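Chains A and B, in that order, are what the protein sequence lines are.
Following UniProt numbering, the numbering of the first sequence begins with 1 at its first residue and continues without gaps.
Following UniProt numbering, the numbering of the second sequence begins with 1 at its first residue and continues without gaps.
Derived by calculation from the structure, the hints in this document are not laboratory data.
Since the structure is predicted, the reported quantities are computational estimates derived from the model, not experimental observations.
Be a bit skeptical, because a hint or two may be false.
[To be verified] Derived coverage of chain A by chain B (criterion: at least 3 residues anywhere in the stretch with Cβ under 8 Å from a Cβ of chain B; other residues may be distant):
| no. | stretch |
| --- | --- |
| 1 | 22-36 |
| 2 | 61-69 |
| 3 | 111-121 |
| 4 | 139-148 |
| 5 | 168-176 |
| 6 | 264-270 |
| 7 | 329-338 |
[Unchecked claim] Straight-line C-alpha distance at most 30 Å; calculated DSSO-like pairs for lysine-lysine:
| no. | chain 1 | residue 1 | chain 2 | residue 2 |
| --- | --- | --- | --- | --- |
| 8 | A | 248 | B | 374 |
| 9 | A | 162 | B | 297 |
| 10 | A | 55 | A | 67 |
| 11 | B | 269 | A | 248 |
A virtual CB, placed ideally from N, CA and C, is assigned to each residue, including glycine.
Number of protein chains: 2
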Amino acid sequence: MSVRYNAVTQELVDKLIDIVGSKNVIWDDQERMENYAHDEVAEKEYAHMPDVVVKPADAKEISQIMKLANEYMIPVTPRAAGSGLSGGAVPVYGGILLSVERMNRILEIDKENLMAVVEPGVVTNEINNVIKDDGLFYAGYPMSLETCFIGGNVAENAGGGKAIKYGVTGRYIYGLEMVMPTGEIVEFGGKRVKDVTGYDIVHLMVGAEGTLGIYTKIVLKLLPLPTAAADLLVLFKDVDTAINVVPKVMTNGRIIPTAIEFMDESSFKASCQYLNETIPVAEAGAMLLIEIDGENKELVESEYETIGELCIANGAIEVYVADNYTTIERIWKIRRNVAEAFKVVSPHQSLEDIVVPISNIPDFVRGLAEIIDKYDVPIPCYGHAGDGNLHATVVKNPDFTMERWHEILPKVLTEMYELTAQLGGTISGEHGIGSKRKHYMRLVMNEDQLNVMRRIKKALDPNNILNPGKIFDME
Amino acid sequence: MSVRYNAVTQELVDKLIDIVGSKNVIWDDQERMENYAHDEVAEKEYAHMPDVVVKPADAKEISQIMKLANEYMIPVTPRAAGSGLSGGAVPVYGGILLSVERMNRILEIDKENLMAVVEPGVVTNEINNVIKDDGLFYAGYPMSLETCFIGGNVAENAGGGKAIKYGVTGRYIYGLEMVMPTGEIVEFGGKRVKDVTGYDIVHLMVGAEGTLGIYTKIVLKLLPLPTAAADLLVLFKDVDTAINVVPKVMTNGRIIPTAIEFMDESSFKASCQYLNETIPVAEAGAMLLIEIDGENKELVESEYETIGELCIANGAIEVYVADNYTTIERIWKIRRNVAEAFKVVSPHQSLEDIVVPISNIPDFVRGLAEIIDKYDVPIPCYGHAGDGNLHATVVKNPDFTMERWHEILPKVLTEMYELTAQLGGTISGEHGIGSKRKHYMRLVMNEDQLNVMRRIKKALDPNNILNPGKIFDME
């Protein structure tokens, strides 16, 4: 199926204004539209200007917009906060950019059922701010939680720092009201802990990157807020020794930590240097950051002692404990600033998101070292070891010209993804495919697998109107 | 789309024998085929004989069978252990019954990644028997775990007694190899804790009741085995007081129990009488059975004390603690024998599986009392209160003729389901729709919702070959 869309005309814009009101349409104003042309992907080539931006107030308006778009054959790209990392919210074929920014209400906090009902434009962390005094929390924890919208989290099935214990976004999505690509407003799921009434449409929609429907109401499960937490910063002589400890924490230690973050030598050394951090790390070749939380201090203490002893018994050089907010923050700062630290080397980077079975992390890191040597680029490797999800980040060698960088980057990515696939892994754990990784899908999926997805897309969006050009091409 | 299938001929049977071998085909032997004509639904009208039974050994054979079935236009009904409760494994249009009973190998226990890879015909509890010495367990816990197959659990997205803490089957399914209705062998997911590479086909397939694909390999997540457990049996004067405690355990108590089971007065009194159980329950109008587990005895003790105090402070009449295997078993026996106890009243029963938001359980039980009065039938109500999932069971009044029973049952079910829908609930929490509840789907879903499912089914199974007549009709 070739993509044949029509141009956005004044006639269509007038109809959009009829639906959402003139102050909620941006048209012929390049400067204001520019904000909607990109997400947080650094590379400029993934940006694309929309022809018109609309900001609907509710499902009914979105339904009318989708019917109009099908009638006029105009693509519609839904957008939450635009903090994505795979180009998912970028209107790659122009057309209508549909922003949910006005749909930003927390509609209900249901303390009896431990559920919240929210609109897609709510900032994720706002939910936690509203419920923490009730002793509750929403366990989805993307690293961008202070700026991202919950609608975007659902679209990408966002992961983050606490997935090892709490799972990813999808585990907490119990119901969705949404507008289908053809304009019908439908609801699936609800405030029900179990539901096997027909297909699990809710979880087909979670992670569909806005290609199968536009969420208009989201029913979230809440949990009791843990009241105690502690972090361990553990130094190891090499990657193997560090990674071998990860499953042991869960099997021998019988503890599921909240987070097990990994940093390779280049990552934590760059970050520590960048932050002027004084932790002595000279001997270390790998670092784990292990967080535990629980309902009381004694339990957390006994758990971090178990984990600390287990690390030492399995070859750790040093274990630092942080059990108060200040030291916990100090430790996490090292983890969060790896990307920033490498921007000193070069602003040109490709932030990757590969995932492998946990036990294959050492093989991945070894294979990565060969790619680094072969192409002479730094690729710091860090991320969510407890999930096997590593944000290997290809950084431009400052000696390279931009031409050289653009020439080698696809080769580096192809080799990295092939290595990942050989190790039973895949190319995205939490950032999504979007437009950025679409052309690499064939490295991890064959035509039969892609066709299962294409058939579903075609069945629900026969005109390929909603967020086209993402995940896979239809032809 | 009207259902137009062809008859099974000797020619087709010969081709099936070529694929799986003659000893794995049952044909023209009514007695042996009868075993494959029903599941555990009591009512005879939901049974239907297959025309031929085949027992393939692997995905390749299943692929050939599916291609043949499409060519000859013969329906194929997949079957695991046949322990289902909604007619999902019954060949309602005859044709080919495809049993996975020979595909019963545990292929791999991967202790480093905390994953197991199994075939669909493995008995669920066998997995736990194999891994318990390694300190691991599989957290799916359907009540039939000693006889059901894991493939059936995946097809129904089985729930069970531990869903409040551990979630239902779907949470532990990380990868599937399966044969599509059109015969392609595809794999989705794998030993990866996170994966957002394209649509979440794995969780579309979980709970699809064998209508979208036949699982041939299942990748399961394992957890560290909790080493301590305790149960509380708590008596309340009425349903409201009992149910009000349920969310408080999680919010005020900050504890997520393994199970919170509910029994109404008629349920536990019938069961206690049936078992000659001596717990004095005369004063009680409702009962909760609360289980907690954890990594050590002290933690479990401190948690059951918290919960016990909370129950007493919120109106419990009495709290009995069971912290050893014998007394825990004694308590669970009361819960497990409710259905058996009512068989003394009548063998004719309709075991239901409604689910409502937890806070609406008292309203449901009140509404149910009106239905009981109106139709003069006993409907004991018990089940998974922590999930809002109640197995209200309509029992034939022994004074009724069978004609009267068949006349009133659909009316009772319709009123019960309408009540459920009004309370934000739905008609199946864990047993599935199958053929048994198909005709009631319109009480909880409109045509737009059903059409989303139909379009997906049609896209993946254009000839409606795989398990037709389940969940919804295609026309």
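Hint by hint, here is what the structure shows:
Counting residues of the stretch 22-36 of chain A whose beta carbon lies closer than 8 Å to any beta carbon of chain B gives 0, which falls below the threshold of three, so the coverage claim is violated. Figure legend: the stretch 61-69 of chain A, annotated as covered by chain B; annotation inconsistent (0 residues with Cβ-Cβ distances under 8 Å, at least 3 required). Three residues within the 8 Å Cβ limit are the bar, and the stretch 111-121 of chain A against chain B gives 5, so the coverage statement holds. Proximity of the stretch 139-148 of chain A to chain B, defined as three or more residues with a beta carbon under 8 Å from a beta carbon of that chain, is not established by the 0 residues found.
A stretch counts as covered by a chain when three or more of its residues have a beta carbon under 8 Å from one of that chain; for the stretch 168-176 of chain A and chain B the count is 3, and the coverage holds. Counting residues of the stretch 264-270 of chain A whose beta carbon lies closer than 8 Å to any beta carbon of chain B gives 0, which falls short of the minimum of three for the stated coverage. Evaluation of the coverage hint for the stretch 329-338 of chain A: breached, as 0 residues show C-beta separations to chain B shorter than 8 Å, against a requirement of three. For the given pair, residue 248 of chain A sits about 59 Å from residue 374 of chain B by alpha-carbon distance, which is inconsistent with the 30 Å threshold.
Proposed proximity of residue 162 of chain A and residue 297 of chain B is supported: the alpha carbons are some 26 Å apart, at most 30 Å. With a C-alpha separation of about 16 Å, the suggested pair residue 55 of chain A and residue 67 of chain A falls inside the 30 Å cut-off, and the hint holds. At roughly 47 Å between alpha-carbon atoms, residue 269 of chain B and residue 248 of chain A are farther apart than 30 Å, so this suggested pair is violated.
Going through the hint list in order, the structure does not satisfy hints 1, 2, 4, 6, 7, 8 and 11.
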